[in-house]
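Chain H is already provided as a structure; the job is to place chain V on it using the hints.
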Amino acid sequence: MKNLFFGQKVKIVDKEKTILYIYEHPLFVRLTHWLNALSLAILIMSGLEIFSAFPSFAEKIPQVDLINIPSVLRLGGWLGGAIQWHFTFMWVFIITGIFYLFLCFFTGYWKTIFFLPKDIKGLLPMIKHYFFFKPKPPQIETYNALQKFAYTIVIILGVFSVITGILLYKPIQFSFIVYLLGGFKLVRLWHFLTMCGFLFFITGHIIMVILHGWGNFLSIIIGWKKNIDNTNISKNS
Amino acid sequence: MEKLQPQEHVKEIQKLAMSKIKRRELLKLLPIGAASISLPLFNESLIKQGLSFSDWVSETLYNPNQLAEVFTDSQVTEFKKFPYNTYDKDDPEVDLENWRLSVEGLVEKAGDYKLEQIQALPKYTQNVRHICIEGWDVIGNFAGAKLADFLKMIGADSKARFVEVICADYYYSSYDMASCLHPQTLLCYEMYGKPLDRGHGAPLRIHMPTKLGYKSCKYLISLRVSNILSKDKGFWEDQGYSWFAGI
Chain H
1 MKNLFFGQKV KIVDKEKTIL YIYEHPLFVR LTHWLNALSL AILIMSGLEI
51 FSAFPSFAEK IPQVDLINIP SVLRLGGWLG GAIQWHFTFM WVFIITGIFY
101 LFLCFFTGYW KTIFFLPKDI KGLLPMIKHY FFFKPKPPQI ETYNALQKFA
151 YTIVIILGVF SVITGILLYK PIQFSFIVYL LGGFKLVRLW HFLTMCGFLF
201 FITGHIIMVI LHGWGNFLSI IIGWKKNIDN TNISKNS
Chain V
1001 MEKLQPQEHV KEIQKLAMSK IKRRELLKLL PIGAASISLP LFNESLIKQG
1051 LSFSDWVSET LYNPNQLAEV FTDSQVTEFK KFPYNTYDKD DPEVDLENWR
1101 LSVEGLVEKA GDYKLEQIQA LPKYTQNVRH ICIEGWDVIG NFAGAKLADF
1151 LKMIGADSKA RFVEVICADY YYSSYDMASC LHPQTLLCYE MYGKPLDRGH
1201 GAPLRIHMPT KLGYKSCKYL ISLRVSNILS KDKGFWEDQG YSWFAGI
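Chains as they are written, first to last, in our numbering: chain H, 1 to 237; chain V, 1001 to 1247.
Calculated from the structure, these hints are not laboratory results. Careful: at least some of the hints might be erroneous.
Said to hold, decoys possible - Lysine-lysine pairs mimicking DSS-like chemistry, simulated, CA-CA at most 30 Å apart: (1) V:K1114 x V:K1080; (2) V:K1114 x V:K1146; (3) H:K111 x H:K128; (4) V:K1114 x V:K1231; (5) V:K1146 x H:K185; (6) V:K1123 x H:K170; (7) V:K1194 x H:K60; (8) V:K1146 x H:K60; (9) H:K185 x V:K1081; (10) V:K1146 x V:K1081; (11) V:K1159 x H:K60; (12) V:K1159 x H:K170; (13) V:K1048 x H:K170; (14) V:K1081 x H:K170; (15) H:K60 x V:K1080; (16) H:K60 x V:K1089; (17) V:K1194 x H:K185; (18) V:K1152 x H:K170; (19) V:K1114 x V:K1233; (20) H:K60 x V:K1048; (21) V:K1081 x H:K60; (22) V:K1194 x V:K1146; (23) H:K226 x H:K136; (24) H:K170 x V:K1146; (25) V:K1080 x H:K185; (26) H:K185 x V:K1048; (27) V:K1114 x V:K1194; (28) H:K170 x V:K1114; (29) V:K1123 x H:K60; (30) H:K121 x H:K134; (31) H:K170 x V:K1233; (32) V:K1089 x H:K185; (33) V:K1231 x V:K1159; (34) H:K170 x V:K1080.
Stated by the list, open to error - Here are some chain H residues the structure puts well away from chain V; computed CB gaps all over 10 Å: (35) K17; (36) P70; (37) F99; (38) F106; (39) F114; (40) K118.
Using N, Cα and C, we set each Cβ at its ideal position, and we do this for glycine too.
With the rest of the complex left out, here is chain H (with noise of 0.2 Å):
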């Protein structure tokens, strides 16, 4: 069991069939990945209930409702329930994220992860793959700069959504930050952003889950990815 970490291959002869297993998650992050799934569901859906006592960035008067969510979305009953769930599952949301973090950095995850300026020039052949159907380019580390990118922009949001949620529950005892970022209007308009900004992460996330397919969603769950062709030691999403 000793060294045993993300990354570590191991090939395995099984009834003359070369497997390789890659130890792909470790378990904080499976750990992390799964609570985060579920407070930011919660989150997101009291926090769309929330949003519907007034649906709009405007005055009170005239109120002019940008959007109706339907119900179906929505988590609380009504906005007193919901914001009940919002301010239980923020501390789960918080306490994950500072754990992770933590690990991240304490074990040197963070250079997997991580988007630094080294993966810049992989940005534009990545994009070319995913969107404009181009020749795949050659893996070279477990992710490529594209999910790099998208990993730490979903957690530069992550960030950005406790902190301007800790700004709309304390708007008077941190109005100077209120002020700085626009006003108690725009600050519930960058928190209602962040949201969108998680949905459209969620959704790639999952179509790319998909076209990967089980053995790949597997490996978050118990951390080793089988790759039968060990030609090929790709490992994505």
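Structure of chain V alone, referenced to chain H:
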């Protein structure tokens, strides 16, 4: 490609990678799975605890010296765009002539107070933001006596923990003492330079820019200082809103 592990290590891993260990690995995620499945079963108490915990953190970290932002007269929302926001009706038909504020509890001078007695206290005017739990906000012009001055006048025990109020429309709420002593917490009898109109809580309301709007009770008729919170904490609070509601 990376070097593969030595043979002995591989054997160790081989066992691990096989189905048994997969099951064990799956078990590690079981608590989360179980939690998400059972959430609907105990969500009521769980999420109420979560809100209470958030309230506790809010009250612990509350800075009594943090002032709400004040605005210039030109930034104030027009009077006609300041909503009449009531839970029942805009006018509970308070008899303004014979109105008294009944004061009881941990005070030296319990009794009924006339509006003139409150107006005799130093008057403060402030343009502050009024934020509703629904998400809208307006900047209003409020004037009145500091609640802290009134509590001093009635000889309230400033070490008491709570202030509870009852309103003519049967609305009710309660506050932590620290928020009542905040310099911007007003016993408000004027808005926009005119005596409170009936929709805004004539003749006397509380205005607390440091709390959400539902804590700024209108049509006050009774105020009580106490150390024990009544089981009726507030009209909305009893239905599930935050009790502290500090912003």
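These are the hints, each one checked on the structure:
1. V:K1114 x V:K1080: Satisfied, since the Cα-Cα distance of roughly 29 Å is no more than 30 Å.
2. V:K1114 x V:K1146: Holds: V:K1114 and V:K1146 sit about 16 Å apart, inside 30 Å.
3. H:K111 x H:K128: holds (24 Å)
4. V:K1114 x V:K1231: holds (29 Å)
5. V:K1146 x H:K185: holds (28 Å)
6. V:K1123 x H:K170: Holds. V:K1123 to H:K170 sits at ~27 Å (cutoff 30 Å).
7. V:K1194 x H:K60: With Cα atoms ~22 Å apart, V:K1194 and H:K60 stay inside 30 Å; holds.
8. V:K1146 x H:K60: holds (28 Å)
9. H:K185 x V:K1081: holds (16 Å)
10. V:K1146 x V:K1081: holds (26 Å)
11. V:K1159 x H:K60: violated (39 Å)
12. V:K1159 x H:K170: holds (26 Å)
13. V:K1048 x H:K170: With a Cα-Cα distance of about 19 Å, the restraint between V:K1048 and H:K170 holds, given a limit of 30 Å.
14. V:K1081 x H:K170: holds (24 Å)
15. H:K60 x V:K1080: holds (11 Å)
16. H:K60 x V:K1089: This hinted pair holds, its Cα atoms lying about 19 Å apart.
17. V:K1194 x H:K185: Roughly 28 Å between the alpha carbons, so the hint for V:K1194 and H:K185 holds.
18. V:K1152 x H:K170: holds (28 Å)
19. V:K1114 x V:K1233: Measuring from Cα to Cα gives roughly 26 Å; hence the hint holds.
20. H:K60 x V:K1048: holds (29 Å)
21. V:K1081 x H:K60: holds (7 Å)
22. V:K1194 x V:K1146: Between V:K1194 and V:K1146 the Cα gap is close to 18 Å, so the pair holds against 30 Å.
23. H:K226 x H:K136: holds (21 Å)
24. H:K170 x V:K1146: This hinted pair holds, its Cα atoms lying about 22 Å apart.
25. V:K1080 x H:K185: holds (20 Å)
26. H:K185 x V:K1048: Roughly 27 Å separates the two Cα atoms, so the pair holds.
27. V:K1114 x V:K1194: Between V:K1114 and V:K1194 the Cα gap is close to 18 Å, so the pair holds against 30 Å.
28. H:K170 x V:K1114: Outside the cut-off at roughly 35 Å; violated.
29. V:K1123 x H:K60: The given pair, whose Cα atoms are some 29 Å apart, holds under the 30 Å limit.
30. H:K121 x H:K134: holds (16 Å)
31. H:K170 x V:K1233: Between H:K170 and V:K1233 the Cα gap is close to 22 Å, so the pair holds against 30 Å.
32. V:K1089 x H:K185: holds (28 Å)
33. V:K1231 x V:K1159: holds (21 Å)
34. H:K170 x V:K1080: Distance ~27 Å between H:K170 and V:K1080 Cα, so the pair holds.
35. K17: Fine: 14 Å to the nearest Cβ keeps H:K17 off the interface.
36. P70: holds (19 Å)
37. F99: holds (13 Å)
38. F106: holds (19 Å)
39. F114: Non-interface label on H:F114 holds, nearest chain V Cβ at 21 Å vs cutoff 10 Å.
40. K118: Check passes; 20 Å lies beyond 10 Å.
Hints 11 and 28, counting from the list given before, are not met by this structure.
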